[in-house]
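Visitor: For reference, the chains in residue letters:
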Amino acid sequence: MNSSKPAGAKGLVAEVVRKQYFWGIIAIVLLLAVNVFKDPSYLAISISPTDGNLVGNLIDILRAAAPVLMIAVGMCLVVATGGIDLSVGSIMVVAGAVSMELLAGSNAPDSLGAAFIAIVVALAISGLLGAVNGVLVSVVGLQPFISTLVVMLAGRGLAKVITGGQNTSAVNEPFRWVANGYAIGIPVVFVLAVLITIAVGMLVRKSALGLMIEAIGMDAKAARLAGLNRRGLLMTAYISSGLLAGVAGIFATASVMTVDVSRTGYQLELDAILAVVIGGTSLAGGKFNITGAAIGAILIATLDKTVVFLGVSSSATPAFKAIVIVALCLLQSERVRALFRQRRIQRPTGTAATKKETVSA
Amino acid sequence: MSDRSLQISEAPWAGAEVLRASGLVVDRDSSVALDGAGVTLYAGEIHALMGVNGAGKSTLVAALTGALPVVGGEIRLDGRALGRMTTTQASAAGIASVYQEASLCGNLSVAENIMIGQEARGRFGIDWPETHRVARRTLSRLGLDDLDSTTPVWALPVAERQLVAIARAVVHDPRVLVLDEPTSSLEPHEVERIFSVLAGIRARGAAVLFVSHILEQVFAVSDRVTVLREGRDVGTFETDDIDRAELISVMLGQDLDSLRMLGSGTRPHRQEPEGDPIYRTDKLGLRGAVAPVDIDLYRGEILGFAGLRGSGRTEFANVMTGSLRADTGEARIDGRVVKMRDPAQALRLRLGMVTEDAADDGLVTGLTVRQNIVLARQALRGWADPVGAAEADTLVEELTESLSIPADLIDEPVDRLSTGNRRRVALARILATRPRVLILDDPTRGADVAAKAAIERKIERLAGDGVAIVYISSEMEDVVRLSDRIAIFRDREKIAEVSSGPGLSVDTIVELIADDSHYDM
Ligand SMILES: Nc1ncnc2c1ncn2[C@@H]1O[C@H](COP(=O)(O)OP(=O)(O)OP(=O)(O)O)[C@@H](O)[C@H]1O
Ligand SMILES: [Mg+2]
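If you read the sequences in order, they're chains A and B.
First residue of the first sequence? That's 7 in my numbering, and the numbers climb one at a time after it.
First residue of the second sequence? That's 6 in my numbering, and the numbers climb one at a time after it.
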């Protein structure tokens, strides 16, 4: 009954091909191919003669992927519980607004200490907003869609209140370094994002957190009967998502050292959901795949850069992404899969009896 | 209780062949559930379908009634081959069915449930008066005139729901009636009622196919029996020509000698409980469900709850675990007063329960057998202290082996298991939490003969290890055989408590239940 897995390298390839994020990797390769077609030197990476850092389009893509990666990881956990977090984009802007205001109002605006305080406070507030989501969902019992929609609307309003409606800017070298610096030639943001992703992945997979989150996402009632603490797990997922959105907000504002209250993080929840779905995590909850979500995030960054590079009107991107989401959701739906499966069964792969019938017919 | 008590009048079954299914192949997801199974039914016979859990009985039933597509083999009704069909087409052709988990709409009335989808139609749509008349006529044909056809189905006891499901199946005089475990967990008198209904249907010349694990029932009412094993039919016998041991050995595919272990000896009973009770209730009760009850439960003993359904035995078990919240009295564990609120809290107190209701078995659909078992242990430990791979292997292996859950099911998602196997996994899940107090409501329901023996042995071993066990079953014999003490329930209260021993028999308990003297107050 166990599908026997072919061993060795071939087996590994077969394994990856079966994963849904395989299609994400294919899509990244295709997009890059399109870019190379337009400009054969697109993939070239050079070492900057002034500071020894790597520069090139690929590096830009990695840098752009960092914030999406963060919210995608958080979204992945929330989606696994059977929920959704629409507030990640708004939490990003709140985190950005808080840090910019703190830096701008600081006595020593350019100090490491100021950057540290800005980051800690921004993360604390992001975590708090995540906790609000968690309480609304697990204690009040509102639907995740509604709860996080409320926080999404309130969040952007809050950001405007914090900055007084302005797009606040600040100057702080350490803070800027987070988004624009390099460590051994690679952008710090990307390194940080990858490290955080790995840390979260290890935390949920090495502990029992991952299994428990999947269990409540698959079958909330049974999980409760099995003695799981549903409330605690939901709080954990939403707070994690809030914190990661805070990190994303810091990444996004640090790169330009300005928070744009109406554009920072705007509609990024869509990107996060898309990344999660591309990665093979079903929006119905249950099994999740953080690696997949990470690949999804990189695909989105690639897509964004490609659209710009090709000079397509950027207002068309959301429509394009929406189409991708719908297509992937269709592929994940049981009914559509069953359709494909039935087709296959009806072909003469079946039993001797069916074979005979098809031959004689 | 003797087999004779269930005996129904002899069948006039040497009739014509009605249905012949042969070489049926049915896929369920990726695995082959039926691999060349068949059965032949004659007019006027009651035909039993037997086999161990997962043998393919429910799948065969589903194939015959169009609920699952058949990819090989053929089904002939009255000599005519039926092609690919839906359930509606099957029932139009005269094959009616009652599934393993009765599927009725709780909010609709008895009459509506019987007639839904087959309403009488007049010129202006549904003719309601006629629809209700047909429903009542069907009920009275089944000898159910006393059943009020306007009561909502949720208000009925399980047996009557089962009867309503049968009534629904026979409205249009089917040629073939197929029932999947219609009797599991019913009381003897309820079983008799269902069987007399079946005999009535047989007398009208229809063929009845029913699935059961209970040998007494099969021998008492069926004319012939077909045995399935691993998706194939391995034999059809006249019930008069085969004895129990032979039948069991065909089902298990083992020779008779290796089956000695299944013998059902009475276990040696402990004398009297010693020490302090681990679980004690003091006038614990819930208005409308069960009157205040005092119970002392000691380490290492099996306390049976005897009584009919609705006697309060299941209700009190639920109150003991907090599934129902008590409104009077108190419960003490190790002498400390505890307020039971929910299953998670009961688990923390190391109190486990297997419920009678399969839908509440606490198995997470989508996770595998292994994951479900590990998850239960994990829930106890919290998320930060994961169950290691080696520990998980030992745990899963030990539990699946002792409950005879086939090893090749361990990495299957639980929703792909047959009903009987799934229920055993639910039990394994509870045992994984290492309960000190274990409350088992009909734990052998739906289990095949071998599985039932394995479960009972496991229960005895747990008691030997010091677990305090409450054991509930509709099979009074099992309660008497396994228990050290028996608490007897009637009319939503505990009326007596007896010590088990050589002197105690089922009859004693039945007399106690029937006895009216305790009402003279
Ligand atoms: N929903 C399902 N999806 C996939 N496979 C299934 C499903 N239900 C049953 N099976 C598989 O089909 C086979 C036959 O199962 P089936 O339910 O017919 O057994 P059964 O004889 O009715 O057992 P039981 O006595 O436990 O009711 C088993 O191998 C089982 O694992
Ligand atoms: Mg079955």
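Honestly, the hints are just simulated from the structure, not real lab data.
Hints may be right or wrong, so weigh each one.
[Said to hold, decoys possible] Here are the simulated lysine-lysine pairs, DSSO-like style, with alpha carbons at most 30 angstroms apart:
#: 1; chain 1: A; residue 1: Lys212; chain 2: A; residue 2: Lys293
#: 2; chain 1: A; residue 1: Lys327; chain 2: B; residue 2: Lys344
#: 3; chain 1: A; residue 1: Lys166; chain 2: A; residue 2: Lys212
#: 4; chain 1: A; residue 1: Lys227; chain 2: B; residue 2: Lys344
#: 5; chain 1: A; residue 1: Lys227; chain 2: A; residue 2: Lys212
Visitor: Of the numbered hints stated previously, which ones are contradicted by the structure, given in increasing order?
Guide: 2, 3
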